[in-house]
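K.L.:
As a plain string of letters, each chain reads:
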Amino acid sequence: MSVAVVNAGPRRGWKSVSTWIGAIIVGIAVLCAILAPALVPHDPFAQDLDKRLLVPFWMEGTDPAYILGTDQLGRDYLSRLIYGCRISILIGVTVTVVSGLIGITIGVLGGFLGGRVDDAVLFAITTRLSIPVVLVALAVVGLLGSSMTLLVLTLGLLLWDRFAVVARSTTMQVRNLDFVAAAWCAGCSRFRILSREVLPNIASHLVVVATLEIALAILLEAALSFLGLGVPPPLPSWGLMIAEGKDYMFFSPWVIVIPGVALFVLVLGINLLGDGLRDLFGTHRTDT
Amino acid sequence: MSALLDVEGLEVGFGSRTSAVRGTSLTVERGETHCLVGESGCGKSVTALAVMNLLARGGHRTARRMTFQGKDLLKLNDGGMAKLRGNAMAMIFQEPMTSLNPAYTVGSQMTEVLRRHKGASQRAATDRAADLLARVGITAPGLRLGQFPHQLSGGLRQRVMIAMALMCDPQLLIADEPTTALDVTVQAQILRLLAELQRDLGLGMLLITHDLGIVARVATRVSVMYAGEVVESAATAQLFADPRHPYTKGLLRCVPVPGKQRQDEPLGSIPGTVPRIGPGFAGCAFRERCDFADETCAHIIPRHAASPGHDYLCRLPA
Amino acid sequence: MFNFLIRRLVVAVLVAATVMTLAFILTRLSGDLATSIAGPNATQADIEAIRQAYGLDRPVLAQFFDWVGRALTGDLGESYFFKARVSTLIAERMPITLTLGLTGLVIALVVSLPLGILAAVRENTGLDRVVQMVALFGQAMPSFWLGLILMITLGLNLGWLPISGTGSWQHFVMPGIVLAFSAIPALTRLTRAGMIQAMGSDYIRTARAKGLSRASILLKHALRNAAIPVVAIAAVQLGFMLGGSIVIEQVFALHGVGFLAWESIGKNDFPVVQAVVLVLAVIYVALTMVADLMNAVLDPRLRGP
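Chains as they are written, first to last, in our numbering: chain A, 1 to 288; chain B, 1001 to 1318; chain C, 2001 to 2305.
Next comes chain A alone, as it looks inside the complex:
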């Protein structure tokens, strides 16, 4: 029996602080996403043309009912921000599930079977890397019309490369370890070896990749929505909020500053957490 032993040794100073900061940011964001309907002070879709572009709390002439002000259609910015968090997290996670399923399957097969299969996997990865992601995603959404489902599927189909690369190389390492050879000798089936020996031992690496992919998917969704070919309006995606605020940014910079900072902080938090997990898992594995 073999288990990937997590190297949970004492981690010093700033590294653990930054991991905690990341975990707290992600925790708050996830809570916002789940509890969004209960948290919002206003309906994020309700327009009030009398209350357009109200300023947020730190500026002169703010309306206390709208802490972060309102957008160009008079919608409450805080409410839209909270719903935007929901969209970002939803897309980040679902895209990562899709791309993870594809990438891990391809990578593990290539790494485990080797030979021709592995050549094909490498070729698929090379081809995938040569395809400009943003352009193709834009083209698909542009031709088929924008919807959340389509966006998730498109990004999922495009972002599996890192999963495949990591799954392939770690599977290769695990395959050559003694306990896997022992399992072969004991007459275990391929499927059993894959599911009982290989996958548990590469899981920690894949979790780290997953955090990076969630962050990447969130950034890409924002970029596509910003270009008008991501999440369809009036959904309050942060990218879309920045796009809509762009026309007013020279006079009311906060309309792009607020969603941009939110996006930056969330992605930074996920990356901090991912970095922390990578250190936590280490690469130490004991074979007993």
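For the record, the hints were derived by calculation from the structure and aren't laboratory data. Note that this is a predicted model, so its numbers are computed, not measured. It is possible that part of the hints are untrue.
Said to hold, decoys possible - Here are the simulated DSSO-like pairs of lysine-lysine, each with C-alpha atoms no more than 27 Å apart in a straight line:
no. : chain 1 : residue 1 : chain 2 : residue 2
1   : B       : K1075     : B       : K1118
2   : C       : K2220     : A       : K246
3   : B       : K1083     : C       : K2220
4   : A       : K51       : A       : K246
5   : C       : K2220     : C       : K2083
6   : B       : K1118     : C       : K2220
7   : B       : K1071     : B       : K1118
Based on these hints, arrange chains B and C on the given structure of chain A.
P.N.:
Just chains B and C now, kept in the frame of chain A:
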């Protein structure tokens, strides 16, 4: 005239937990080969690196005295030390395979030493490099100068390292296990070359090895190191004829001597392993493995002189 | 080495062929192209006319092989919207995208190399942590948003740089900085890791034993070896940056290839879209081969005995 290299009371620590060298003293005279012997991990290499001020990050050295050609090495800053290294004092290492930079040609790596220290022209430096390659027994030196390290065998690379060390006519050559990583036949060639160069150029050489066979062949003086201390130091003949420290005796018993040893007689061995020594350790570090140890060995050990130039660190009287 | 290059060339051609197929499928995804080209107010007769004019009435396979055959001779078809040859359109716009990409790469290298070296030399100090933080921040920065913020601060408030357009070299500074941000984290980390590895190696100990100056040890002996993976990744990053420039070109109204593609997507101008996808993919594949060649130049071990 003072000794070429004179080190007294050298201590090297890594962090606060490990003392790698504890009060080592040794001298290298002009034109002699001083061998530093001991098991791996006893602090021989660290001693050499400390003299060159090449300790890895985290290493810290102190000494009561450390002079080279009468110059106080402890007072030199990094820049001053760099002016000596590769110039008046040179060093070659155990790993010829990785000690040369893979990205530059042999010629470029050799000439930069002379250009740096003597301000030589590229042409003069190249000529000198070619001469030295020939001197260390490399055929077609002109061809070799243009080659990269990966194109040379281990033995050739070590010859290049030796030639490179000689570029600036050093007074002192420190060789840290120069033959350990090489094939047996190549080992003998390199050793012969070093001995010959030492004699011809009148070098002072500090040769670090764990091989008593090498010591017997080339050393003028021997210092035996154990757990960061020099436990016995003597002229070579004297040490082999009349070893005093139980560790030295044990080491010598481990070497088979053809003719003197019967076929069925078992070779000697020293039971146990080298202990890990932290700061504040007192007494003899060998006492756990020593047949003659008693409770006094846990206290401060005197250094006895067996004869002029032969001293050892043990409670046993001369 | 020669065999290796031949193999890479074969893979490159296969990749290009696969991308061509995918690009073709991509543009057929929406179903009836003629309807989308004709627009919502077209009559059935208009649609039929368009279908015949663009050869969309022929079997899909025939259209595909026709496109591939022409593309191989450099003919990428004709744009429906611009009424011009696609190859001409792309050739006109490419200099802007390439200028942007190269500016971004140069800025990224100018920032990453010193930062990475500094962090490696001061490993595990406050400075090292700051550099790693910079890399993390760069990784989390939404490029289009950074572009807008720079427009407000450097452009509007400080007035240092022009806000959009392509009139002068200054126009490329802001977009270059923004584009560089996407490559800086990876390049900095790689430089740092490579330098740390090199500085701990035996040949650096030899260089120190030779009494070389600190500058020579760092910049000649260590950096040369640490730079090998950095150069390879830099070439690949340039490929990613060209692909990613579509967002930046849109933000700064730079009329490069990315902008062209974005316009064409909006107009259902599929010959342009599939051609840009293909061209960017081919450039990427070419850049990976350049990376291999540069590795061989930098690392004598790859050149064989």
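K.L.:
Decide, hint by hint, whether the structure agrees.
P.N.:
Consistency of the hints with the structure:
For a cut-off of 27 Å, the pair hint linking K1075(B) to K1118(B) stands: about 23 Å separates their Cα positions. Annotation: proposed proximity of K2220(C) to K246(A) is violated, straight-line Cα distance about 47 Å (limit 27 Å). With a CA separation close to 18 Å, the supplied pair K1083(B) and K2220(C) stays within the 27 Å bound. Of the pairs offered as hints, the one joining K51(A) and K246(A) holds, with about 19 Å between alpha carbons and a cut-off of 27 Å not exceeded.
For the hint linking K2220(C) to K2083(C), the alpha-carbon distance of about 54 Å lies beyond 27 Å, and the restraint is violated. For the suggested pair K1118(B) and K2220(C), the alpha carbons sit about 19 Å apart, so the restraint of at most 27 Å is met. With a C-alpha separation of about 20 Å, the suggested pairing of K1071(B) with K1118(B) holds against the 27 Å cut-off.
Of the numbered hints listed earlier, those contradicted by the structure are 2, 5.
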